[in-house]
Amino acid sequence: GESVGLHLPTLSVQEGDNSIINCAYSNSASDYFIWYKQESGKGPQFIIDIRSNMDKRQGQRVTVLLNKTVKHLSLQIAATQPGDSAVYFCAENFGGGYNKLIFGAGTRLAVHP
Amino acid sequence: DSGVTQTPKHLITATGQRVTLRCSPRSGDLSVYWYQQSLDQGLQFLIQYYNGEERAKGNILERFSAQQFPDLHSELNLSSLELGDSALYFCASSGLAGPGELFFGEGSRLTVL
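The listed protein sequences derive, respectively, from chains D and R.
Quick note on numbering: the working numbering labels position 65 of the first sequence as 65, and the sequence is numbered without any gaps.
Quick note on numbering: the working numbering labels position 75 of the second sequence as 75, and the sequence is numbered without any gaps.
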C-alpha cells in the first residue's frame, strides 16, 4: 500500500494519551457529519457520525463534538494506540435530503510509543 | 473489508487516453458514489447514483462520466486524460439515498504519463 502523500497538518501524540482532532466545516445548513480514518493504501473507514440535532456522540474510545455556532467539529480519541495512526477526515453532508458528503482536508495522526 | 470492490487497483496510461473504472457496491446497497483523491485536493466528491439514476453531482469534469447499471455496479469513464487526472479514485456505497455512512472500496490508482 501507499499513502496518498497529502501535505497535511500532523498531530503527534504519545501512546496512551488522548488525541483531539479538529475540523471546521463550511455550510451552516449541513445536517450530518461524519469522521473517517484512512490508513495508508486503504479506503476511508467509518469512525463515528453525528446529526445536526446533537452536540455530542460517543463511541468506543471516540467522541465527536459538534459546535454549530462556530461550525466546528472535533474528534476525541481516548488512550491513543499505535493502530490509530492514520489520516482522519471530517465530512459534512450539504443537506437537501441527499447524501453528498464533502470532505475536509484531513489531519495526519502520528502515535509514538 | 468494506464489501465494496473496485477494479483495477492500479492503472497506468498516457495522456489523451480513455479508461474505465469499475465498482461493485456492497450487496443490497442502492447508492454508489465516486470520489477523487489527489495530492492537492483531498477527497473530492464527483457523483452519486441511486438505483440507476444520477442523484447528486459534484465537481465532475465534462471529460468524466459515470453510470450505474441494473445490477447496481457502476463505472466511471475518464476520457482525454491529462497529467492532472492522476489520482486515487474511490467508489463508495450506501444503503440509503439520504445522509448516512458510506462504505469505501480500496480505490483505483490512476497514473497518467
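In short, the hints are calculated from the structure, not lab data.
Possibly wrong hints are sitting among the right ones.
[Stated by the list, open to error] Not the full set, but computed from the structure, chain R residues with beta-carbon under 7 Å of chain D:
hint	residue
1	Gly28
2	Gly52
3	Ala56
4	Phe64
5	Gly95
6	Gly98
7	Pro99
8	Glu101
9	Phe104
10	Glu106
11	Val112
[Unchecked claim] Calculated from the model, a selection of chain D residues having no Cβ within reach of chain R, i.e. all distances over 10 Å:
hint	residue
12	Asn93
13	Asn99
14	Gly104
15	Pro113
These figures come from a predicted structure and were not determined experimentally.
We put the beta carbon where it would ideally sit given N, CA and C, even for glycine.
To see whether the hints hold, each was checked on the structure:
no., hint, in the structure
1, Gly28, "violated, 16 Å"
2, Gly52, "violated, 16 Å"
3, Ala56, "holds, 4 Å"
4, Phe64, "violated, 17 Å"
5, Gly95, "violated, 10 Å"
6, Gly98, "holds, 5 Å"
7, Pro99, "holds, 4 Å"
8, Glu101, "holds, 5 Å"
9, Phe104, "holds, 3 Å"
10, Glu106, "holds, 5 Å"
11, Val112, "violated, 16 Å"
12, Asn93, "violated, 4 Å"
13, Asn99, "violated, 5 Å"
14, Gly104, "violated, 7 Å"
15, Pro113, "holds, 28 Å"
Violation of the numbered hints given earlier is confined to hints 1, 2, 4, 5, 11, 12, 13 and 14; the remaining hints are satisfied by the structure.
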